[in-house]
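**Q** In case you want the letters, here they are:
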Amino acid sequence: MTALAVACDRVDVHFTTERGTVTALHELSLDVEDGAFLTMLGPSGCGKSTLLRVVADLIEPSKGSLRVLGRSPQEARSKREIGFVFQDAALMAWRSVLANVELPLEVGGGASIAGHAASPRELIELVGLKGWENAYPHELSGGMRQRVAIARALVTRPRLLLMDEPFGALDEITRDRLNEELLRVWEQTRTTILFVTHSLYEAAFLGQKVLMLAANPGRVREIVPVNLPYPRRLALRETPEFVKLVAHLRAVLETC
Amino acid sequence: MATPSSALQRPTAFVADSEAEAKFQARKNRLMWRRRLLPLAAALLLLGLWQAVVVYFGIRPFIAPSPVAVAYTLVDRFGILMQNLAPTALEALLGFAIGNLSAIALATAFVHNKTVEEAFFPIVVLINTIPVVAKAPILVLLMGNGMEPKIAIAALICFFPTLVNMTRGLSAVNPQTLELMRVLSASDREIFWKLRVYNSLPYLFSALKIAASTSVIGAIVAEWIGTTQGIGALIIEATYKFDSPMLYATVIVGASFSVTFFFVISLIERLVVKWEPQAVH
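As you go down the protein sequences, you meet chains G and Z in turn.
Going by the working numbering, the first residue of the first sequence is number 1, and it counts up by one from there.
Going by the working numbering, the first residue of the second sequence is number 1, and it counts up by one from there.
No wet-lab data here; the hints were simulated from the structure.
Incorrect hints may have been included.
[What the hints assert, rightly or not] Short, incomplete list of chain Z residues facing chain G, as computed with Cβ under 10 Å:
(1) Pro175
(2) Val183
(3) Ile252
(4) Glu276
[As the list claims (entries may be wrong)] Per label pair, the in silico range of CB-to-CB distance:
(5) Z:Lys274 x G:Ala235: 41 to 47 Å
(6) Z:Pro175 x G:Tyr230: 31 to 37 Å
(7) G:Glu139 x Z:Ala172: 20 to 26 Å
Since this is a predicted model, take the numbers as computed values, not measurements.
Just so you know, even glycine gets a beta-carbon here, dropped at the ideal spot from N, CA and C.
Kindly generate the complete structure, drawing on both the sequences and the hints.
**A** Right under this line is the structure:
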């Protein structure tokens, strides 16, 4: 058992395109403790999404070493220890809410972890969709679809949850609500969360720490600790401490 | 548990108001009948107009029949019409099945193997550009004068739209859903059966609906090239005999079969594709 959920050591990621090789991440080193909530902020092209995809074993690092939950990313993925939530809920239109949440248990040898898995119905209740189990995605609002995606990611009881701008396409009211609820889910499941966002407020409100990335090439600029107690409520955003923190994040972002 | 979510739950969103619901239902019913009766009334009006024109100008039966004469022929020679519909329907249905099944099989091969697609797709396009009336004689020479060339034409005419749509349906999956399947360590087999197949169904049915009517056209056109049986043969025969009521009656029988076929496919689609597809072009 390791205390580190993610251990990144001088990781490089290069992409080859028609216009030459692009360095998406350069010598990125990062340790994320087990159970942490880390938000990631940076200008576009800073490699936030790339970092999540490297951790999830969707992209292979070109250089450097990477351990996820004490294993190689490939092992962690195939042991179903990673959950991923995308900006698009990516639900299957032909499956009901319940069947979408059950998908991870049906594919990739998911049946083998069935004994260890969370109850899909309980998760649907946890994300506030009790009563909607048999509804189809087209009957749901954008916010509700994203809740289903979160429940689906949690069904394998992942020890690491990767979220790539999950609320980026939602309106502000829905986003605020889901921010509060995500913190509640985190407090209940105690899973490690890596959360990519474009919103300074979201980054400061959710994270224990905010990882600031600089672009071209993507690299760590600064890790800003958020010394605000949990449970956090939306009213926290009106406090002077929070306002000061956001101002600091903005100042750092300008140098990225 | 936090409360904001409960406001989104189903039971609280709907309030019973029987009066408003009854009004809404009545309005819906009215609109539905209107949608059905209006086209029917328009059709009757046009038929009346047609009859009036034929009678008023004294148009002779070998140029154009009156609707009454067509209706009379439909009833009087119903036996012969049905006798000739049977082979045409069989050719169309068999052609539909063979053409679509092979298109689905080839589309599956295309999606699994890019090389196969790159090698065969241009050839398929080339064959598709040959008009049916040009393909028909070639196939008659190859397959003789029986049902086989007609089935082959019907199959060929169904093949292309289904191949193109099916290939697209199998490959045009949401990239994030595909990434999700990778995160879940899904095998290619699981990605195919749980994602690509379902994704392709709305595309497949749009192609099948086109194929339902074109397969009948294919069979009829093929029958023009040498046969004594079928709707196509009857059309040629009636034309040469200047038997216009019979010609019109034959066309109506052929068209009715096409429309029925189309509706059967639409019905199956409604039973199979119960979800709302994201967007099918």
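**Q** Hint by hint, say whether it matches the structure.
**A** Hints, one by one, checked against the model:
no. : hint                            : in the structure
1   : Pro175                          : holds, 9 Å
2   : Val183                          : holds, 5 Å
3   : Ile252                          : violated, 39 Å
4   : Glu276                          : holds, 4 Å
5   : Z:Lys274 x G:Ala235: 41 to 47 Å : holds, 44 Å
6   : Z:Pro175 x G:Tyr230: 31 to 37 Å : holds, 35 Å
7   : G:Glu139 x Z:Ala172: 20 to 26 Å : holds, 23 Å
When held up to the earlier numbered hints, the structure conflicts with hint 3 and nothing else.
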